[in-house]
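Assemble the complex: chain R is given as a structure, and chain X must be docked to it using the hints.
Order-wise, the sequence lines are chains R and X. Heads up: the first sequence begins at 178 in my numbering, then just goes up one per residue. Heads up: the second sequence begins at 178 in my numbering, then just goes up one per residue.
Derived by calculation from the structure, the hints in this document are not laboratory data. Wrong hints could be hidden among the right ones.
List of simulated lysine-lysine pairs, BS3-like, C-alpha gap at most 27 Å [said to hold, decoys possible]:
| # | chain 1 | residue 1 | chain 2 | residue 2 |
| --- | --- | --- | --- | --- |
| 1 | R | Lys199 | X | Lys563 |
| 2 | R | Lys379 | R | Lys224 |
| 3 | X | Lys224 | R | Lys454 |
| 4 | X | Lys198 | R | Lys529 |
| 5 | X | Lys298 | R | Lys224 |
| 6 | R | Lys553 | X | Lys224 |
| 7 | X | Lys529 | X | Lys454 |
| 8 | R | Lys538 | R | Lys454 |
| 9 | R | Lys553 | R | Lys379 |
| 10 | R | Lys563 | X | Lys538 |
| 11 | X | Lys224 | X | Lys378 |
| 12 | X | Lys298 | X | Lys198 |
| 13 | X | Lys563 | R | Lys563 |
| 14 | X | Lys538 | X | Lys454 |
| 15 | X | Lys529 | R | Lys198 |
| 16 | X | Lys518 | R | Lys224 |
| 17 | R | Lys199 | X | Lys529 |
| 18 | X | Lys518 | R | Lys518 |
| 19 | X | Lys199 | R | Lys529 |
| 20 | R | Lys529 | R | Lys563 |
| 21 | R | Lys454 | R | Lys379 |
| 22 | R | Lys224 | X | Lys454 |
| 23 | R | Lys553 | R | Lys538 |
| 24 | X | Lys198 | X | Lys563 |
| 25 | X | Lys378 | X | Lys184 |
| 26 | X | Lys529 | R | Lys563 |
| 27 | R | Lys538 | X | Lys563 |
| 28 | R | Lys199 | R | Lys298 |
| 29 | X | Lys199 | R | Lys563 |
| 30 | X | Lys184 | R | Lys529 |
| 31 | R | Lys184 | R | Lys378 |
| 32 | X | Lys518 | X | Lys538 |
If we take Cβ atoms under 10 Å as the criterion, some of the chain R residues that face chain X in the derived model are [what the hints assert, rightly or not]:
| # | residue |
| --- | --- |
| 33 | Ile290 |
| 34 | Gly519 |
| 35 | Ile566 |
Residues on chain X that point at chain R, a partial pick, calculated with CB under 7 Å [claimed, not checked]:
| # | residue |
| --- | --- |
| 36 | Lys224 |
| 37 | Gly291 |
| 38 | Gly489 |
| 39 | Gly496 |
| 40 | Arg497 |
Even for Gly, the Cβ is constructed at its ideal location relative to N, Cα and C.
There are 2 protein chains.
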Amino acid sequence: MNAPEYKINGFFAAAVSAGIKKNNGLDLGLIACKEATTAAGVFTRNKVRAAPVVLTERHISGGQARAVVANAGCANACTGAPGMEDALETADLFADSLNAPREEILVASTGVIGARLDMEKIRAAVPGLVRSLSEEGLPGFARAIMTTDSFPKLSSFEGRLQERPFKIVGIAKGAGMIMPDMATLLGFVLTDITISPSALKKVLSQTTDETFNRITVDGDTSTNDTLIAMASGTAGNREPAGPDLEEFRRGLFHVMDELAVMMVRDGEGASLVVHVKVRGAASADDAHRAARTVANSNLVKTAFCGRDANWGRILAALGRSDIRMQEDRVDISIDDILIVKGGLSRGADAEKAAEAVMREKDALDLVIDLHQGDHKDRVVTCDLTKEYIDINASYRT
Amino acid sequence: MNAPEYKINGFFAAAVSAGIKKNNGLDLGLIACKEATTAAGVFTRNKVRAAPVVLTERHISGGQARAVVANAGCANACTGAPGMEDALETADLFADSLNAPREEILVASTGVIGARLDMEKIRAAVPGLVRSLSEEGLPGFARAIMTTDSFPKLSSFEGRLQERPFKIVGIAKGAGMIMPDMATLLGFVLTDITISPSALKKVLSQTTDETFNRITVDGDTSTNDTLIAMASGTAGNREPAGPDLEEFRRGLFHVMDELAVMMVRDGEGASLVVHVKVRGAASADDAHRAARTVANSNLVKTAFCGRDANWGRILAALGRSDIRMQEDRVDISIDDILIVKGGLSRGADAEKAAEAVMREKDALDLVIDLHQGDHKDRVVTCDLTKEYIDINASYRT
Chain R
178 MNAPEYKING FFAAAVSAGI KKNNGLDLGL IACKEATTAA GVFTRNKVRA
228 APVVLTERHI SGGQARAVVA NAGCANACTG APGMEDALET ADLFADSLNA
278 PREEILVAST GVIGARLDME KIRAAVPGLV RSLSEEGLPG FARAIMTTDS
328 FPKLSSFEGR LQERPFKIVG IAKGAGMIMP DMATLLGFVL TDITISPSAL
378 KKVLSQTTDE TFNRITVDGD TSTNDTLIAM ASGTAGNREP AGPDLEEFRR
428 GLFHVMDELA VMMVRDGEGA SLVVHVKVRG AASADDAHRA ARTVANSNLV
478 KTAFCGRDAN WGRILAALGR SDIRMQEDRV DISIDDILIV KGGLSRGADA
528 EKAAEAVMRE KDALDLVIDL HQGDHKDRVV TCDLTKEYID INASYRT
Chain X
178 MNAPEYKING FFAAAVSAGI KKNNGLDLGL IACKEATTAA GVFTRNKVRA
228 APVVLTERHI SGGQARAVVA NAGCANACTG APGMEDALET ADLFADSLNA
278 PREEILVAST GVIGARLDME KIRAAVPGLV RSLSEEGLPG FARAIMTTDS
328 FPKLSSFEGR LQERPFKIVG IAKGAGMIMP DMATLLGFVL TDITISPSAL
378 KKVLSQTTDE TFNRITVDGD TSTNDTLIAM ASGTAGNREP AGPDLEEFRR
428 GLFHVMDELA VMMVRDGEGA SLVVHVKVRG AASADDAHRA ARTVANSNLV
478 KTAFCGRDAN WGRILAALGR SDIRMQEDRV DISIDDILIV KGGLSRGADA
528 EKAAEAVMRE KDALDLVIDL HQGDHKDRVV TCDLTKEYID INASYRT
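In isolation and in its complexed conformation, chain R is listed as follows (with noise of 0.2 Å):
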């Protein structure tokens, strides 16, 4: 990993083994600023609401913040009050520690659910991560909240503003419970432009929409999904507007759509990535429907991982979405390669074709034109394997 890369003007990170995740691996995660900084979130919209999240979204209301910690291993989710009792306490002991009011830490938790945070670890761990903050700690933040996912998740983008360089950088944990809506994802995005924390949320929320939730796993839905984005401000701009904030909002776009693939690419099980493109619907609604129901289809991604072109399951799933369509007008293709029109094989050559794709590459386009107006959308999945099965069956023991 480049770590020049990702390093931030005005950030500092560390992590360190707490004890945990049960293999010893970094498990608690800081990234701090030297004093209060815009920031801004977006959580989960399941009812059930792990500790940190609740904690962090009340503290986050007024924009600012000083750090956020991060631990893997345990999700603080319905843990009831003596969980929201640890969340807190666990943002007094970093408020403590790094001088500032409770107010000013954010807290994040991924894991298992149902299972209390081991407190003693995280006060014995405290004073270690503190003292090993510094400018190159990213990388190692990214490895700490990491759970079932199989490699760290970083993006970063440098881009020109007001004639001034500035840089994003975005660190992610995926791997499971991933679906539209949030999923049990950490997302942390850092920049160091200027910028007003009301702007920093609108193209915060516009951006989660088009990236994070466009991407499926499994069509579960977490308890914990957090995504937080922090300002340092030493960039030397003005406050963004008009091309300014547009330019800010497409680097940010290629974080998090850079980093959303990788989630999926990271899926559970996954050995192929599939975007689902849906052109050709008669309206927003429908395009995104149909797209997450072929995307969440089981049958589908079952089909993917046999690299079968079983677009029967394809036109099968669009059926249930209720959704404008006529069978008759629905062309399906996989990458460039035609393998339905008009809602009839184009032959078993096609389909051997599109199948020889399917084999070679790990990433590929599944695009539906249903040919009933002018809107598209896209999800992006991965395939459903036996290694999705293996990992979720065993995953608390």
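The following block gives chain X in isolation, referenced to the frame of chain R:
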């Protein structure tokens, strides 16, 4: 299989191996009456509808049928106008052979989507099939409609109506693409009572909603779901109403519920049947939605595969199901072992006891009490296993 149990007055059946399935098994079945009899049907709500579904819905609209012919191995779905020609020719072939109008012949197909029926094989099979019609033919018919099913599914009920005995025999196939709103299932329910087409249709629809529409294997809905009821009128009763109609409904529920649970038990790769029972919901819709969301969650289903009492995933599924709920009111039991009280774990001992039950039994109740109101519902599901992936990754090969 106890053949007398599945004999019913007024119906004759037969099955042959026409060569549509690759394995030379029985794949074409016929149920016929001596003359046209009362009939009603329920069909897939998928917008992609196989040719036999379209044709049979049209033919049964008059409330009369003489015979139903069903094949496995080819769904005749997504086959366009030529597929409709094939369905029509199939009806014509049997109409000629049975000396009945085409409109009295119902057709049903299940198997691979997108492939044409081999009409030469159907034509060749008709005379032998009609010749071998017998009162003992229903168990063979049940075998002929199997695809990935591992056992034939029959159920029977005997009751009394107006002091006279009556009988119901049901036959179904299931296995994959199983989810509320009728799935890849073909179902045939035969009774010897006299009943009007409209009363039969009403009782059939209501009972379908309580049974076949309350099961799920993989959340996918098929293009071919067809449920046909026929009443031969040989039992000698008067048109049932009030308590008489209720007695028939009770028998129909018994048969269809037994078939529905058999379909889940034989769900692709399933090793455990789970009756998801939701109580205390604020509305009937909430109860249904909660049960269905939990029953379709891949993470809940893989946890059952691993015999892991992972209640956090159950709470997380409830939380995304868009129902009225408060986390701290939810109770969860496995059979009669309470594992979650007021949203919190009752401890490792309770979970271990529940896991022992999961290992010992092949069917159990997952009881969720929301404590929000007095509505309840249930959906029957199964675990998600590696065998499901094996079956569906290689279905067409």
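Status of the X:Gly496 interface restraint (C-beta, 7 Å, chain R): 3 Å, holds
Hinted contact X:Arg497 with chain R - closest CB pair below 7 Å: 4 Å, holds
Has the given pair, R:Lys199 with X:Lys529, been kept, meaning a C-alpha gap of at most 27 Å? This hinted pair holds, its Cα atoms lying about 20 Å apart.
Given the proposed pairing of R:Lys199 with X:Lys563, does the C-alpha separation stay at or below 27 Å? 26 Å, holds
Decide if the proposed pair is consistent with the structure: R:Lys538 and X:Lys563, CA atoms, cutoff 27 Å inclusive. At roughly 24 Å apart (the allowed maximum being 27 Å), X:Lys563 and R:Lys538 satisfy the hint.
Run the distance test for X:Lys224 versus X:Lys378: straight-line Cα separation, threshold 27 Å. 21 Å, holds
Taking only the CA atoms, is the gap from R:Lys199 to R:Lys298 under or equal to 27 Å? 13 Å, holds
Straight-line Cα separation of R:Lys224 and X:Lys454 no greater than 27 Å? With a Cα-Cα distance of about 20 Å, the restraint between R:Lys224 and X:Lys454 holds, given a limit of 27 Å.
Was the hint right that R:Ile566 lines chain X, CB cutoff 10 Å? Cβ of R:Ile566 sits 5 Å from chain X, so the hint holds.
Hey, X:Lys198 versus X:Lys563, does the alpha-carbon distance stay inside 27 Å? With Cα atoms ~24 Å apart, X:Lys198 and X:Lys563 stay inside 27 Å; holds.
Is the hinted pair R:Lys563 and X:Lys538 satisfied, with a Cα-Cα distance of at most 27 Å? 24 Å, holds
If you draw a straight line from the CA of R:Lys529 to the CA of R:Lys563, is it 27 Å or shorter? 24 Å, holds
Of the numbered hints listed earlier, those contradicted by the structure are 5, 18 and 30.
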